[in-house]
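Enquirer: The chain contents come next:
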Amino acid sequence: MSGSLPSRWLGALPPVALLLAWQGAASIGWGDPRLLPPPGSVLVTAWARLADPGLATALGVSLGRCLAGFALGAALGLGFGLLCGLSGAAARLVGPSFHALKNVAVFAWIPLIALWFGMGEEARLAFIAVAVVTPVALNVWEGIAGTPPLLLEVGAAFRFSSWQRLFRIRLPAALPSILTGLQLGLIHAWLATIGAEYFLAKGTGLGGLLIEGRDRFDMALLILGVVLLGGIGMLLNQALWRLAVRLTPWRTTPA
Amino acid sequence: MSDFALSLPVSTAPRPWRFPAWSTALLLPALGLVLWLAAARFGWLAPNMLPAPQDVWLTLQDLASSGELAQHALWSMGRVAQGFTTGAGLGLVLGIGMGLWPRFEALLRPSFLAIVQVPVIGWVPLLMLPLGIGETLEIVIVAKAALVPVTLNTRDAIHALPRPLLEVAATFRYGRLQLLRRVVLPATVPPVFTGVRYGLTSCWKALVAVELLASSEGLGYLLVWGRQMFQMDLVIAGVLLIAAIGLIFDTALAAIERRLQRWRPA
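Just so you know, the protein sequences line up as chains A and B, in that order.
So in the UniProt record's numbering, spot 238 of the first sequence is number 238, and the numbers just go up one at a time.
So in the UniProt record's numbering, spot 251 of the second sequence is number 251, and the numbers just go up one at a time.
Do not take every clue at face value.
Said to hold, decoys possible - Covered stretches of chain A (in silico footprint by chain B; criterion: 3 or more residues with CB under 8 Å from a CB of chain B, positions within the stretch not fixed): (1) 44-55; (2) 134-148; (3) 190-201; (4) 216-224.
To be verified - Beta-carbon label-pair distances, calculated as ranges: (5) A/S27 - B/A252: 48 to 56 Å; (6) B/L74 - A/L18: 33 to 41 Å; (7) A/A17 - B/W101: 41 to 49 Å; (8) A/F158 - B/F172: 36 to 44 Å; (9) A/A239 - B/L74: 40 to 48 Å; (10) A/W250 - B/A244: 40 to 48 Å; (11) A/G54 - B/F230: 31 to 39 Å; (12) A/W9 - B/I256: 39 to 47 Å.
To be verified - Residues on chain A that point at chain B, a partial pick, calculated with CB under 8 Å: (13) L10; (14) L13; (15) G213.
Keep in mind that the hints were calculated from the coordinates and are not lab data.
Values in this document were obtained by computation on a predicted structure and should not be read as measured data.
Even glycine gets a Cβ: it sits at the ideal position worked out from N, Cα and C.
Make a model of the complete structure from these sequences and hints.
Expert: Listed below in structure tokens is the structure:
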């Protein structure tokens, strides 16, 4: 591919084109400047906001909340997934109920959680944990239950004890799946954090900032909020993805 | 059938008797219901914390007989149908493009990832300003929810095509079309369908989120309304309905998925 743009530059084309179109639209006075302020003014507002320590505090609050809820939900999900993956009886007993419950759209839990946990931090953490449990449990379960029978036969030939079977065969075989579950769980945790900040006691964290931006018709603040929302989510995801690559180097994942 | 069974090295011991699958599956929900009934009967929890199951049932009946249930469900379903077809269709196109042409993927991947990274709930307040609170907002959000898993699964399915199959195809000097029909499609349809199934489930979830945030009808709105009126029986009835519809969607699609994967060796 000589003489063509390297792929990393190629990826910058659509955003740059969008930015130019946006600036163009703003400068010929296309559309309501309140709804679509020119990129320059958004940048100015965003910069002022970034310098404001309130933003850093809001981000810190959201991130801490996200990670705490994630830890809680991931621990529950790992335990539950292991139980169902290892024990057929457990899978038959709680599996169907779990599959039915996982279909409850996660935000539908909010009114119930608000009812049972109030509107404070516990409610927010409970909601984030609920959002995390499902993908983690599901992937751990599938990974453990889907251990290639061939590997288990090898284990049987070596007369592995059940601990050895778990730690030498099932868990390593399920590792890619477990990591996928954790990665999904972290994305869900971040989403749920924002959701919790919208619905459960407004006004804190990044979610509160977005609601504030909407209420004040502050497009610049909204755009900044969405960029931060996406950026932080991406960083969280990248971190776990790197961890996954490091832990399971045999996996051929497209970069 | 029995002839085959004879030739297989299965143990001849009779299989230990087990409770049929449906009975073990229902054990836990039944236990939950009994606890719930007991909690309501003996007043373990205040009725504004957990209304009695009978009350929830009556509310559901009221909703059904007054036609409100059908109306709200129709609103919600219509939005899902429109958003899902838009998002899944676009996702298929993008996924195929990204899977087949690395430069196309290089062009769109960063932007796509950026869009993916902002959860549905982040887009709602932003899009609310230009789109207003209404059908367009809801359909765009639902479409985005379907777009992501369908695109990613389609792309991954194409990337994950087994190398040996491609080599065989190369040996046979298959043309592009033959490659697509004989190798690519059979190997990719099941994982792509998984993406479609996932997409529909996320559409439903996204819809509930949007309806909670910005709507004046639909099942999600029922929850908001019930909460504002402190009608907990209505909230729980709404959650049950949302769960039931999600379950129906997923069960139906899982059945189709199993059919599609039947040819695969276990």
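Enquirer: Give a verdict on every hint.
Expert: Quick rundown of the hints versus the structure:
1. 44-55: It is violated, with 0 qualifying residues against the three required.
2. 134-148: violated (count 0)
3. 190-201: holds (count 6)
4. 216-224: This one holds; 4 residues, not fewer than the three required, reach chain B with a Cβ under 8 Å.
5. A/S27 - B/A252: 48 to 56 Å: Roughly 51 Å apart at Cβ, these two residues keep to the hinted range, so it holds.
6. B/L74 - A/L18: 33 to 41 Å: holds (36 Å)
7. A/A17 - B/W101: 41 to 49 Å: violated (19 Å)
8. A/F158 - B/F172: 36 to 44 Å: holds (41 Å)
9. A/A239 - B/L74: 40 to 48 Å: The hint (40 to 48 Å, Cβ to Cβ) holds, given that A/A239 and B/L74 are roughly 43 Å apart.
10. A/W250 - B/A244: 40 to 48 Å: holds (42 Å)
11. A/G54 - B/F230: 31 to 39 Å: holds (34 Å)
12. A/W9 - B/I256: 39 to 47 Å: holds (42 Å)
13. L10: holds (4 Å)
14. L13: Given a least distance of 6 Å, the restraint on A/L13 holds.
15. G213: holds (7 Å)
The structure fails to meet hints 1, 2 and 7 from the earlier list, while all remaining hints are met.
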